[in-house]
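Student: Take a look at the letters that make up each chain.
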Amino acid sequence: MTLDDQVRGRKLKLHDMCLRDGMHSMRHQITLDQMVDIASGLDDAGVPLIQVTHGDGLGGSSLNYGRGLHTDREYISAVAEVVKNATISVLHVPGIGTLDELRVAADCGARCVHVASHCTEANVTEQHIGLGRELGLDTVGFLMMAHMTSTDHLVEQALLMEGYGATTIYCVDSAGYMLPDDVTARIGGLRTALEDATEIGFHAHHNLGMGVANSLAAVAAGADRIDGSAAGLGAGAGNTPLELMAAVSERMGIETGVDLFKLMDVAEDRVLPIMPQPPRADRDSITLGFAGVYSTFLYQAKEAERKYGLSARDILIELARKKMIGGQEDMIEDTALSMAKERDLV
Amino acid sequence: MDKIKCAIIGPGNIGTDLLYKLLRSEVLEPVWMVGIEPGSEGLDRAKELGLKTTAEGVDGLVPHVIEDGVQIAFDATSAYVHADNSRKLNELGVLMIDLTPAAIGPLCVPPINLKDLAGRKTMNVNMVTCAGQATIPMVAAVSGVQEVDYAEIIATVASKSIGMGTRKNIDEFTRTTSAAVAEVGGAAKGKAIVIVNPAEPPLMMRDTVYCETVDEPDQEAITASVHEMIAAVQQYVPGYQLKNGPTFEGRKVSIFLEVEGLGDFLPKYAGNLDIMTAAAVRTAEMFAQDILDGQLELEPVKENA
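Going line by line, the protein sequences match chains A and B.
Following my numbering from start to finish, the first sequence increments by one per residue and tops out at 346.
Following my numbering from start to finish, the second sequence increments by one per residue and tops out at 305.
Some clues are possibly wrong.
EDC-like, lysine to aspartate or glutamate: derived pairs with alpha carbons at most 20 angstroms apart [what the hints assert, rightly or not]: (1) B:K189 with A:D100; (2) A:K13 with A:E255; (3) A:K307 with B:E260; (4) A:K84 with A:E303; (5) B:K168 with B:D84; (6) A:K307 with A:D344; (7) A:K84 with A:D265; (8) A:K302 with B:E249; (9) A:K323 with B:E200; (10) B:K243 with A:E134; (11) B:K168 with A:E303; (12) A:K323 with B:E260; (13) A:K322 with A:E305; (14) A:K341 with B:E249; (15) B:K168 with B:E37; (16) B:K243 with B:E260; (17) B:K168 with A:E134; (18) B:K115 with B:E260; (19) A:K322 with B:E258; (20) B:K268 with B:E258; (21) A:K341 with B:E200; (22) B:K252 with A:D100; (23) B:K243 with B:E228; (24) B:K243 with A:D344; (25) B:K168 with A:E156; (26) B:K160 with A:E156; (27) A:K322 with B:E200; (28) A:K323 with B:E249; (29) A:K322 with B:D84; (30) B:K243 with A:D265.
Simulated from the structure, these hints should not be mistaken for laboratory data.
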């Protein structure tokens, strides 16, 4: 069976990440005006889901991850005021964000929550998924760094989240490490094991240029939702460029309900101009995907390169060797300091 | 020498590690282990080590408290059941050392405020969280030199060292730690971030402490204060180490720590368990010493008192 046979006629929900994952590349400094401008454009283009949060989720504003220009409350409220059809979603990571912060987000107009954990630690999400359901939100279990565990183990973790009440489960390639076969195996495994009513999602990073290809493999294996970012604005070399995914979907007969040309215009006219530089798989981003490192480590690794005269690539490889996972940004500076000491640079 | 008799509630990782430490204590003697699952590994182990056990929760212990002379109890269960446990035992004059994030009693981080608790006649002391025990001494080391506007801590623990209690109560864990970073650490505002890392072989507990001082940080004084505090914690947690820092960038002070456990029950990577149980034992020992010296008499807490 060809790929086309597997996907033609399928319905797909596209979920834009540029106002959350893109916050990383913007060092969490997107202005309210920019957010409102981009969100209303995406809404007008028919994108059904738009994520708006600090890059590290609710409560992510910190010295460790970078302070947001505005609070999540301000961002979500501003976007909620202009968006007509799209659902506003938020990222929520137990251990970073608290339940009170999720209540505030729901009050401000968020109607969907991605409750995220490392791919093997789903049992820290019970309280947060529970509250998501209690608040009536579209509640998603978001298993990050999914390349770091086997399909069987990922499925076990997904079943836990489904048991806590999540109605959608994501396989998240936070490092942009996966190749299409990895995606096929994981999404296929989830589809087989989870309830028919449970939706499946896939979130890619474009560090090895595989965002669109991997997302297609995910759709073929049964994914109902694909995350991407207008103009690719996201951590590392960015997320799957949403307008590219929409164009390919249209060619292959996947129904997204999105107005392709309008989405292309949002990417070109509203998102591209705010970026200091367009996302590109430079040597450090390729290293993320090649070695399997959390994509947001890129920025602080580059800072450490400037500060200590080490190569960002060396630092990222060392972080991969030490099996650091999402959220451990503090270990970038620590690792760089230790490497600089060993090399007599400090 | 006489010892003060203790009960441990919760025969899981923390309770068992605690038991090993209490068996070495010169002033405390563990006599009861309280669980809720008959035949559980933790209860069986306690029995083998000579303790009386019950699988009927605190209600199974209550009838024996007076007869067996239990004066101090450690609660290593969960925030949800702690208030009930504490009330039932306080009524019998038992002092509660709370290792859950319930935080109904005053917060205790030994090198910072243990001495202040001595005269307060409190019947419930909360040990904050493992992340709090590991990081708050550093916040206090900085705030002891000059005013701290904001302190933020990142605690990374090995997946194998974190039990279901903490996982199910991760919100209380995060909030209790944040509050204590400010309250006990002496910062105007506090934030805590907790990461569970599943790497194999398991990683040692790592903790990072960021402080923002109100004025330009006095680098020399802060560095000296941090080293002094490291030594104070090492008195009861020998594996508490400064890995990097303090480094200074504008008003930001960064301190990178590693906590290696003693390996009493769980392996050495579980420094988070070790620092929690070691701090609890140190706290209980101070009260026990005061009881033995006749300086402290525990009194039953009357309901609605």
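Student: The structure should be examined with respect to each hint, and the outcome stated for every one.
Tutor: Now for the hints, and whether the structure bears them out:
no.	hint	in the structure
1	B:K189 with A:D100	17 angstroms, holds
2	A:K13 with A:E255	8 angstroms, holds
3	A:K307 with B:E260	29 angstroms, violated
4	A:K84 with A:E303	39 angstroms, violated
5	B:K168 with B:D84	18 angstroms, holds
6	A:K307 with A:D344	14 angstroms, holds
7	A:K84 with A:D265	19 angstroms, holds
8	A:K302 with B:E249	17 angstroms, holds
9	A:K323 with B:E200	9 angstroms, holds
10	B:K243 with A:E134	43 angstroms, violated
11	B:K168 with A:E303	36 angstroms, violated
12	A:K323 with B:E260	18 angstroms, holds
13	A:K322 with A:E305	18 angstroms, holds
14	A:K341 with B:E249	18 angstroms, holds
15	B:K168 with B:E37	18 angstroms, holds
16	B:K243 with B:E260	12 angstroms, holds
17	B:K168 with A:E134	17 angstroms, holds
18	B:K115 with B:E260	26 angstroms, violated
19	A:K322 with B:E258	14 angstroms, holds
20	B:K268 with B:E258	11 angstroms, holds
21	A:K341 with B:E200	26 angstroms, violated
22	B:K252 with A:D100	27 angstroms, violated
23	B:K243 with B:E228	15 angstroms, holds
24	B:K243 with A:D344	16 angstroms, holds
25	B:K168 with A:E156	17 angstroms, holds
26	B:K160 with A:E156	17 angstroms, holds
27	A:K322 with B:E200	10 angstroms, holds
28	A:K323 with B:E249	27 angstroms, violated
29	A:K322 with B:D84	42 angstroms, violated
30	B:K243 with A:D265	50 angstroms, violated
Checked against the numbered hints listed earlier, the structure breaks hints 3, 4, 10, 11, 18, 21, 22, 28, 29, 30; every other hint is satisfied.
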